[in-house]
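A.B. asks: If you want the building blocks of each chain, they are given just below.
There are 2 protein chains.
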Amino acid sequence: MPRSWTLKGRPSGMPTADNFALTETPSTELSNGEVRVANRWLSVDPYMRGRMNDTKSYVAPFALGEPMQGGAIGEVVESNADAIKVGDMVQHMLGWRDEAVLPASQVQKLPDLGVPVQQFLGMLGMPGMTAYWGLLDVASAKAGETVFVSAAAGAVGSTVVQVAKAKGMTVIGSAGGADKCAWVKSLGADHVIDYKGDTPLVKALGAAAPEGIDVYFDNVGGDHLDAALAHARDAARFAICGMIDGYNSSTPTQLKYLMRVIAARIRIQGFLVTPYFARASEFYEDMAAMVKSGALQSQDTVHDGLDATPDAFLGLFSGGNTGKMLVKL
Amino acid sequence: MPRSWTLKGRPSGMPTADNFALTETPSTELSNGEVRVANRWLSVDPYMRGRMNDTKSYVAPFALGEPMQGGAIGEVVESNADAIKVGDMVQHMLGWRDEAVLPASQVQKLPDLGVPVQQFLGMLGMPGMTAYWGLLDVASAKAGETVFVSAAAGAVGSTVVQVAKAKGMTVIGSAGGADKCAWVKSLGADHVIDYKGDTPLVKALGAAAPEGIDVYFDNVGGDHLDAALAHARDAARFAICGMIDGYNSSTPTQLKYLMRVIAARIRIQGFLVTPYFARASEFYEDMAAMVKSGALQSQDTVHDGLDATPDAFLGLFSGGNTGKMLVKL
Numbered sequence: 001m002p003r004s005w006t007l008k009g010r011p012s013g014m015p016t017a018d019n020f021a022l023t024e025t026p027s028t029e030l031s032n033g034e035v036r037v038a039n040r041w042l043s044v045d046p047y048m049r050g051r052m053n054d055t056k057s058y059v060a061p062f063a064l065g066e067p068m069q070g071g072a073i074g075e076v077v078e079s080n081a082d083a084i085k086v087g088d089m090v091q092h093m094l095g096w097r098d099e100a101v102l103p104a105s106q107v108q109k110l111p112d113l114g115v116p117v118q119q120f121l122g123m124l125g126m127p128g129m130t131a132y133w134g135l136l137d138v139a140s141a142k143a144g145e146t147v148f149v150s151a152a153a154g155a156v157g158s159t160v161v162q163v164a165k166a167k168g169m170t171v172i173g174s175a176g177g178a179d180k181c182a183w184v185k186s187l188g189a190d191h192v193i194d195y196k197g198d199t200p201l202v203k204a205l206g207a208a209a210p211e212g213i214d215v216y217f218d219n220v221g222g223d224h225l226d227a228a229l230a231h232a233r234d235a236a237r238f239a240i241c242g243m244i245d246g247y248n249s250s251t252p253t254q255l256k257y258l259m260r261v262i263a264a265r266i267r268i269q270g271f272l273v274t275p276y277f278a279r280a281s282e283f284y285e286d287m288a289a290m291v292k293s294g295a296l297q298s299q300d301t302v303h304d305g306l307d308a309t310p311d312a313f314l315g316l317f318s319g320g321n322t323g324k325m326l327v328k329l
Numbered sequence: 330m331p332r333s334w335t336l337k338g339r340p341s342g343m344p345t346a347d348n349f350a351l352t353e354t355p356s357t358e359l360s361n362g363e364v365r366v367a368n369r370w371l372s373v374d375p376y377m378r379g380r381m382n383d384t385k386s387y388v389a390p391f392a393l394g395e396p397m398q399g400g401a402i403g404e405v406v407e408s409n410a411d412a413i414k415v416g417d418m419v420q421h422m423l424g425w426r427d428e429a430v431l432p433a434s435q436v437q438k439l440p441d442l443g444v445p446v447q448q449f450l451g452m453l454g455m456p457g458m459t460a461y462w463g464l465l466d467v468a469s470a471k472a473g474e475t476v477f478v479s480a481a482a483g484a485v486g487s488t489v490v491q492v493a494k495a496k497g498m499t500v501i502g503s504a505g506g507a508d509k510c511a512w513v514k515s516l517g518a519d520h521v522i523d524y525k526g527d528t529p530l531v532k533a534l535g536a537a538a539p540e541g542i543d544v545y546f547d548n549v550g551g552d553h554l555d556a557a558l559a560h561a562r563d564a565a566r567f568a569i570c571g572m573i574d575g576y577n578s579s580t581p582t583q584l585k586y587l588m589r590v591i592a593a594r595i596r597i598q599g600f601l602v603t604p605y606f607a608r609a610s611e612f613y614e615d616m617a618a619m620v621k622s623g624a625l626q627s628q629d630t631v632h633d634g635l636d637a638t639p640d641a642f643l644g645l646f647s648g649g650n651t652g653k654m655l656v657k658l
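If you read the sequences in order, they're chains A and B.
Going letter by letter, the first sequence gives residues 1 to 329 in my numbering.
Going letter by letter, the second sequence gives residues 330 to 658 in my numbering.
Next comes chain A alone, as it looks inside the complex (with noise of 0.2 Å):
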């Protein structure tokens, strides 16, 4: 029988395994136009905190005894639509489940890019997408700039260390522990910052960037965003993806250098990777340029099985992936 995991209760702070709940439901017969997929790889976000919660946002929260929503990739097992055929490989949205059964409008077959399908939820996917767009539209960062980018060891911090180092840019990636420092420092990043690391993250920015910054691409907030707003350059940009540090407190956020944005005419702007879907083919040709030049590496921290769902998920918060954590059914 299909199993999924539903929304048991909504957390307060940090949200447990005690959140979700295993569940079996009987198989559906297809609908016309419908579509049944055999899920290969889950994706588990930092975002998906925020729709466990309650309140009115971007999206409509999750809701409580139903399955948890999220991007997940397929094969398509049965098909009752003219559109998709056995055995293609798609992508939808309906998450943590082991089986899907949707309307074929609601998948997207994979572009044929030569890459592992999984990649489609991570750098070719939307982690990726906030990266590429964050970093070049909303901060529009330019060749010969400097960039500084927080949580770089993760899905969309990885992706822009190297769109920025493909493009020209100088990067400053900040990521938690010797491991994880070592693989963004491989991946061409000029200066990595180990924020478990006993110089206070404001003196180690400056160090790395003696001149400042010219754009800020933020995954976490609190003390990365200040350190930021201390070395930002003049007409500064900063793109605010995320504020990881924030999702799971209530402790209001202290800024020691806010004063700054009037004095260096900071633009902080706060966006979402929804308005960049209508503009995916752009996307999927530059970024296949550049995996195909071999500029983009992937890594991919993998939970095995539906079972291990919530533990790859909680694992965000704790810091347990280094890129893109997947669970591969």
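Bear in mind the hints are in silico, worked out from the structure with no lab data behind them.
Backbone N, C-alpha and C define an ideal beta-carbon position, used for all residues, glycine too.
Heads up, some of the hints might be wrong.
To be verified - Not the full set, but computed from the structure, chain B residues with beta-carbon under 7 Å of chain A:
1. T582
2. Q583
3. L587
4. M588
5. R594
6. F600
7. V602
Since chain A is already given, all that's left is putting chain B on it; use the hints.
C.D. replies: Just chain B now, kept in the frame of chain A:
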């Protein structure tokens, strides 16, 4: 003998009268191309607090032992330059003194707009340009939108209120105390929040703007900025002009609602007025039309005599002014 206020010491935290010294300097003869200006009006402005610190910023710090610089308006009483005649009313930046001797290239003759000359230190001067360009260019505020402006009874804020109303926006202003609030209402604001009242700011703003705000013009920072974050609509724009809350404090800014920049895709843009000096003629043309139509009213808080200059300046940080704070010589 000409007298001026010099910077005697740098404040830590709130400045005091002891930071300034009234000094006499022998009168100098004019060199070729110079003019002598008998000052009539001196400007004191919040930004001057920043220049009292010995820190790198967008303008050099005030030098110890030297006269405080700043906007001033006076009458030319002696001229050794062709372009400027005795009797001309001019503006210059030599600041807190009764007489200024400087090259004619460093004074601007006042445009003839049929208004009291001191308005060129207020609504038609730097504070006015700051309000006008911050609202219309930095924040891209449009007719039909809802604008929140803090320190709405100040020189900049009161101009924001009036320009926004003249351009067809809904305006919410905040000010401290019943008298200031009544004045802001008389300028045309749709709602006025007394930030010294019992209702927490975030709640008061929610009541005044149940549909949220499109634009926030920040003169204050801190709680005001946080309330604006809490109630920002999708794609809201914040023009950050000043953060007077923090000028005399080393306490970090605490923001509970900062994470909303992502979900609401907020743009926070710090700005300075200096790049807009090049567009002065555009500004004068539009503002003159509004002055003639009666859309703009001006109010000054006037201190009398050079001796009172430090008191006028210090009053900026204790809510001592309604409208523009000026010293009349």
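A.B. asks: Indicate, hint by hint, whether the structure satisfies it.
C.D. replies: These are the hints, each one checked on the structure:
1. T582: holds (5 Å)
2. Q583: holds (4 Å)
3. L587: holds (5 Å)
4. M588: holds (5 Å)
5. R594: holds (5 Å)
6. F600: holds (6 Å)
7. V602: At 11 Å from the nearest chain A Cβ, V602(B) fails the 7 Å test, so the hint is violated.
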